[in-house]
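There are 2 protein chains.
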Amino acid sequence: MGEKGKKILVGVDEGEESGYALSWCLQNLLSHSNSEDTLILLFAKTPLPIYSAIDSTGYLFSQNIVATMDTYANQVADAVMQKASTLCSTFNHQAKVETMVEHGDPRDVICQVAERLKVDLLVLGSHGYGLIKRAFLGSVSQHCAQQVKCPVLIVKKPTN
Amino acid sequence: MGEKGKKILVGVDEGEESGYALSWCLQNLLSHSNSEDTLILLFAKTPLPIYSAIDSTGYLFSQNIVATMDTYANQVADAVMQKASTLCSTFNHQAKVETMVEHGDPRDVICQVAERLKVDLLVLGSHGYGLIKRAFLGSVSQHCAQQVKCPVLIVKKPTN
Numbered sequence: 001m002g003e004k005g006k007k008i009l010v011g012v013d014e015g016e017e018s019g020y021a022l023s024w025c026l027q028n029l030l031s032h033s034n035s036e037d038t039l040i041l042l043f044a045k046t047p048l049p050i051y052s053a054i055d056s057t058g059y060l061f062s063q064n065i066v067a068t069m070d071t072y073a074n075q076v077a078d079a080v081m082q083k084a085s086t087l088c089s090t091f092n093h094q095a096k097v098e099t100m101v102e103h104g105d106p107r108d109v110i111c112q113v114a115e116r117l118k119v120d121l122l123v124l125g126s127h128g129y130g131l132i133k134r135a136f137l138g139s140v141s142q143h144c145a146q147q148v149k150c151p152v153l154i155v156k157k158p159t160n
Numbered sequence: 001m002g003e004k005g006k007k008i009l010v011g012v013d014e015g016e017e018s019g020y021a022l023s024w025c026l027q028n029l030l031s032h033s034n035s036e037d038t039l040i041l042l043f044a045k046t047p048l049p050i051y052s053a054i055d056s057t058g059y060l061f062s063q064n065i066v067a068t069m070d071t072y073a074n075q076v077a078d079a080v081m082q083k084a085s086t087l088c089s090t091f092n093h094q095a096k097v098e099t100m101v102e103h104g105d106p107r108d109v110i111c112q113v114a115e116r117l118k119v120d121l122l123v124l125g126s127h128g129y130g131l132i133k134r135a136f137l138g139s140v141s142q143h144c145a146q147q148v149k150c151p152v153l154i155v156k157k158p159t160n
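Chains A and B supply the protein sequences, listed in that same order.
In terms of UniProt numbering, the first sequence is residues 1 to 160.
In terms of UniProt numbering, the second sequence is residues 1 to 160.
Please note: incorrect hints may appear among the correct ones.
As the list makes no split between identical chains, a pair holds if one copy fits it or if it spans any two.
As the list claims (entries may be wrong) - In silico lysine-lysine, DSS-like type, Cα no more than 25 Å apart, as pairs: (1) 6 / 83; (2) 7 / 156; (3) 83 / 156; (4) 118 / 96.
What the hints contain is simulated information worked out from the structure, not anything from laboratory work.
Could you put together the complete structure from these sequences and hints?
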């Protein structure tokens, strides 16, 4: 980035698309960054749906299962952030790297954080959040590109 | 851009949005560019619609009017390119600047050129091609973001 103190927000998740988008950003946008730039890695932890506590027969899931699901969600968040942070350290840049884990629908979380932190650029993979989630949630990148006011960079992972 | 010989394609038109997108690109992406980077300014000249030669009463427009419309379209293309080139010269960068004027629907033209030239990044204003044209054409940036394989940067002009 050309100016001092730019904030770049990157949406990260467990998919390969977001890893590729982060790599592209590090290689192409941050290779000349100065030490005042900040790269913010954001992971949205989708809340357990309300119906997850009740199975199809109407019985309550045991507390054990709910706790296990929550633990799993935290482990995913930790793993994603660990992987993203490691990726950041493999590229030559001077930007400060921060991580954020927020609860909520990725579409809402990303837009809210982008506005709240007044970021200069939002970077997203084009097919984030997996095939199944995308079917329910719609395209995260498309939604965010329409909603946020800052420039949005959508990076697709080459299919070859 | 971090690597040598990057190609950045910017869709330009007569709207303020595309001018802002180009400025943002010059200021934030190209301020550290090296002399092997290429910035390609692309203007899509929408072809005269077939019905433009016949008015609502079924009479043929005179050749004069058709010629006048064509001249006007060329003047718009020249003016847009002149303005964009001037903008490029006001920013400090080393990239080579090329201009392209192609005929066709901007959505198709931009996607085709992006693929043909194998550009590394496509930059678009979010509301290109004016209010009226957008109503007919749909969102150019949204269409291109879905279609092209390369990373797409959509820059919105702040409303304040």
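Evaluation of the provided hints:
With identical chains, the CA atoms of residue 6 and residue 83 are at most 25 Å apart within one copy only, with a shortest distance of 23 Å there and 28 Å across copies. In the homo-oligomer, the alpha carbons of residue 7 and residue 156 lie at most 25 Å apart both inside one protomer (21 Å) and across protomers (17 Å), since each shortest distance falls under that limit. Taking the shortest alpha-carbon separations for residue 83 and residue 156, only the intra-copy value of 19 Å comes in at or below 25 Å, while the best inter-copy value is 31 Å. Proximity of residue 118 and residue 96 under a CA criterion of 25 Å is satisfied intra-copy only: 16 Å inside one chain copy versus 32 Å between copies.
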